[in-house]
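Asks: These protein sequence lines map, in sequence, to chains A and B.
Position 98 of the first sequence, counting from 1, maps to 98 under our numbering, and the rest follow consecutively.
Position 27 of the second sequence, counting from 1, maps to 1027 under our numbering, and the rest follow consecutively.
Since the hints were made in silico from the structure, they are not lab data.
You may find that some hints are simply not true.
Stated by the list, open to error - Covered, in the sense of this in silico footprint (three residues per stretch, anywhere, with C-beta under 8 angstroms from a C-beta of chain B), are these stretches of chain A:
| # | stretch |
| --- | --- |
| 1 | 130–136 |
| 2 | 140–151 |
Unchecked claim - Each computed DSSO-like pair below joins lysine-lysine, with the alpha-carbon atoms no more than 30 angstroms apart:
| # | chain 1 | residue 1 | chain 2 | residue 2 |
| --- | --- | --- | --- | --- |
| 3 | B | K1041 | A | K156 |
| 4 | B | K1122 | A | K106 |
| 5 | B | K1041 | A | K51 |
| 6 | B | K1106 | B | K1051 |
| 7 | A | K106 | B | K1041 |
Ideal Cβ placement from N, Cα and C applies to all residues, glycine included.
There are 2 protein chains.
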Amino acid sequence: MARWEPGARERLVLAAVDLFTEQGYDTTTVTQIAERAGVTKSTFFRHFADKRDLLVAGQETLSRLLTEGIAEAPAGAGPLDAVGAGLVRASSAMGPLNRELGPRIKAAVAVSEELQQRDALKSVGLAAAMTAALITRGVPDPVAALAAEIGVLAFKRGFAQWSEGDRDDDHELAPYTLAALAELRAAGAALSQV
Amino acid sequence: MARWEPGARERLVLAAVDLFTEQGYDTTTVTQIAERAGVTKSTFFRHFADKRDLLVAGQETLSRLLTEGIAEAPAGAGPLDAVGAGLVRASSAMGPLNRELGPRIKAAVAVSEELQQRDALKSVGLAAAMTAALITRGVPDPVAALAAEIGVLAFKRGFAQWSEGDRDDDHELAPYTLAALAELRAAGAALSQV
């Protein structure tokens, strides 16, 4: 299989994440990102409104896919099965770039309080969106909130295992997030018994 | 019962939260906070290192109390009972000021992305600290992570009900956070059955 070759948008994201890791989010400029990616500044602005947009663009898509999957799950599906449908929908949008970026974003976040805050707000936003989608399905409030937190944990844990594992295989993300969901479902059963 | 009278430290926190709500976190200065609280700037700096410190001081205490409560729960306590011990320890430190501030902080956070990020990072930090405290007790990883998320949800939900309810009673916080924990435990049992 030929190695995956990133286009301009992908190169910009990779360059930005590497620069954030090396010198921090705050001190990295759009000019530096474009230079590192080997494109012009005007190419940057064809793809992104600003440096911040580069990080939030993916987040909005993720939130939309998770909630769409939950909304479109069969009417009889239980809350965690609906969450599973959301995970499958969101996972299917994650390709080689996301997998390759995973450990690099983790490294960039580790050294930047600004990025830690963004990352935390992203988790909270995903949980809120999933809670709302479950409540729309008629799931009562505390159950919906808990199922949504389980969904966020499952996505994070599955994504981490997928992106930190052997990236030369061509495994998709969905089996990883579904395995994490099954593990958390079992953990929930264990917790309710003690 | 006499109305509770705040001291300088408490007046500074109240003034800051009101100013954050009125004009945003970024544009509020230490000078304005001190003026509104009716104290000098040097009094401000006797209590807090800077504007940011005013928000994070309480968070560190909360995290410490939650994890101490978990660590000191009886050896035979299950994960959620240990979380309950953490909630009791942390709740006991919350008095009239915290109760009065609850809705005001919520209003300030609602209008400030900066404060939303801080608030989100606080939740993530509390969950990580509780997960670590549970793992130290020998709780296996996915169960610990889930129990910690349940603990954070229970604290947030219990605190919201306590601070948004009738604040003229002298109820303590602990029964609210423990009731929220019981509700989430039942939600977990419901989720694992479907």
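Asks: Checking against the hints above, which ones are violated?
Replies: 1, 3, 5 and 7
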